[in-house]
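Novice: Each chain, written out:
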Amino acid sequence: MKILVPIKRVVDYNVKVRPKSDESGVDLNNVKMAMNPFCEIAVEEAVRLKEAGKAEEIVAVTIGESSSQEQLRTALALGADRAILVETDVQAEPLGISKLLKAIVDKESPDLIILGKQAIDGDNNQTGQMLGALTGFSQATFASEVNLEGDNLSVTREIDGGLQTLSINLPAIVTTDLRLNEPRYASLPNIMKAKSKPLDVIPASDLGIDIAPRLETLKVSLPAEREAGVIVETVDELIDKLKNEAKVIS
Amino acid sequence: MTALVVAEHNNKELKPVTLNTVTAACELEQDVHILVAGHGCASVAEQAAKISGASKVLLVEAEAYENFLAENVASLISNISGDYDFILAPTTTNGKNVMPRVAALQDVSQISDISAIESNDTFQRPIYAGNCIATVKTSDIKKIITVRTTAFDPADATSGSAEIITLEEINDAGISKFLKEEIAESDRPELTAAEVIISGGRGMQNGENFSLLEGIADKLGAAIGASRAAVDSGFVPNDYQVGQTGKIVAPDLYIAVGISGAIQHLAGMKDSKVIVAINKDEDAPIFQVADYGLVADLFEAMPELESKI
Chain A
3 MKILVPIKRV VDYNVKVRPK SDESGVDLNN VKMAMNPFCE IAVEEAVRLK
53 EAGKAEEIVA VTIGESSSQE QLRTALALGA DRAILVETDV QAEPLGISKL
103 LKAIVDKESP DLIILGKQAI DGDNNQTGQM LGALTGFSQA TFASEVNLEG
153 DNLSVTREID GGLQTLSINL PAIVTTDLRL NEPRYASLPN IMKAKSKPLD
203 VIPASDLGID IAPRLETLKV SLPAEREAGV IVETVDELID KLKNEAKVIS
Chain B
-10 MTALVVAEHN NKELKPVTLN TVTAACELEQ DVHILVAGHG CASVAEQAAK
40 ISGASKVLLV EAEAYENFLA ENVASLISNI SGDYDFILAP TTTNGKNVMP
90 RVAALQDVSQ ISDISAIESN DTFQRPIYAG NCIATVKTSD IKKIITVRTT
140 AFDPADATSG SAEIITLEEI NDAGISKFLK EEIAESDRPE LTAAEVIISG
190 GRGMQNGENF SLLEGIADKL GAAIGASRAA VDSGFVPNDY QVGQTGKIVA
240 PDLYIAVGIS GAIQHLAGMK DSKVIVAINK DEDAPIFQVA DYGLVADLFE
290 AMPELESKI
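Quick mapping for you: the protein sequence lines, in order, are chains A and B. Residues 3 to 252 in the working numbering are what the first sequence lists, from first letter to last. Residues -10 to 298 in the working numbering are what the second sequence lists, from first letter to last.
Hints in this document: simulated from the structure, not taken from any laboratory. Any given hint could be a false lead.
As the list claims (entries may be wrong) - In silico lysine to any residue, SDA-like type, Cα no more than 25 Å apart, as pairs:
no., chain 1, residue 1, chain 2, residue 2
1, B, Lys269, A, Thr236
2, A, Lys245, B, Ile298
3, A, Lys249, A, Arg228
4, A, Lys221, B, Asp129
5, A, Lys195, A, Glu72
6, A, Lys4, B, Ile164
Claimed, not checked - Residues from chain A that keep clear of chain B, each with C-beta distances beyond 12 Å, as calculated:
no., residue
7, Arg75
8, Ala174
9, Ser189
Unchecked claim - Now the stretches of chain B that chain A is said to cover, found in silico as 3 or more residues with beta-carbon under 8 Å:
no., stretch
10, 21 to 32
11, 54 to 62
12, 239 to 252
13, 277 to 283
Note that beta-carbon positions come from the ideal geometry of N, C-alpha and C, so glycine has one too.
Generate coordinates for the entire structure from the input sequences, incorporating the hints supplied.
Specialist: Right, here's the structure in full:
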């Protein structure tokens, strides 16, 4: 089995981002970049399937600027066998990204595609599902457990109110939720080895796909701030405030 | 033209988030239809017909839709989308699962989790876990949208009289199958629909101590929630989680107990009307968003609160 793992370079999750002063976008000057956390979980799951003898090859792919090679090298250090960068300066939306990924799927013919449920920058939560539509593959989003059973995949999904288990046919798309696994750290020897693993760069323009954004960001601003209220001294005072001032309990 | 709202339901009951989604749809279009896709869900269509603002309810019943499998439901919505210039669903796990698939089938760039409507093509939505709000304008003719339901009031669920139309439109891709579902049973209200929520964090120390919240929840008719720290520590199941990666809630009263107030938690509850924080660490960030803060040991404060309310 061949697994394709699309990943994304995003602002490190520890960084608190702020809008630019002219509100034209998010201020990304000198911020630390990293692999999207949900993508790390996707790489880890693919590596575990390979370690369990259920997959032969893992191909990591990303769409973005040349700097995204850094995150592909991380994926290679974590256990991916080779990597593909579809290089573009366009800030493609999930729709455009899925179209480019579809072209890679056509080239690579993976049996399974594992990707993060969302990227922590745009929080769109769209790419996996859109790729499902474009390829016609089955999908199981928000996975917390994945088991390969012959030509089927049994996937437990985190849904509102509990868990749901689906059986989906291969080829399939799985998007990862937080509890699927705990990603490993890349060891130094594996980081060194990753440097010599193959990483192909394909200019997005060579694929002849229209990825022009449909959405224009007019403004990025801070959310309305909540002001800190008062500190009460006792439980009695708290109950009094809730009853008589806020009037939220009776 | 018309807006279509995809109803959220469990084949028996219409979920309240549908009402907030209808409100968003009514801000965009005069004429709003509601799609009820499922199996054995005629009673849901009757409930949907009473929503004020909707003129038609489309009822589509087939086994293929019973568990809202994305492949089947997305094809259904895509096939009937021709008459609509807006298609909206709540940002639930169902909405998130199905709508991008519809959008790609229609070659539309979906607008996820809108928190405000500025005009028919311009919307606000949270990005970076709610740390920023983006205002985006779409050039797509058809708009496919998921709605942050806490940002919109619920439509009236009793005064409408929409016409129910039954559609025969069966799409069974046959590539996915429902095996089972484990839904936590509880007499308490659902987190996303509760008027009062009491949540525990890492400060609860273990799962047993959540019983300290139960008595208060019973007295207030509250739902019980938790921070990601409490869920990751194994105190309570994942479906308790309030936060960017859990449920987004906005009750009238939110009581945070032993929760420090990580950004990821605040993103899920800071639109609550009144926030109470109870924490022994007076420097906890949760106090910066709380209307009422009580610096106290929760193991003393909780029993006292329970006995006095």
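Novice: Run the structure past the numbered hints and jot down the numbers of the failing ones, going up.
Specialist: 8, 10
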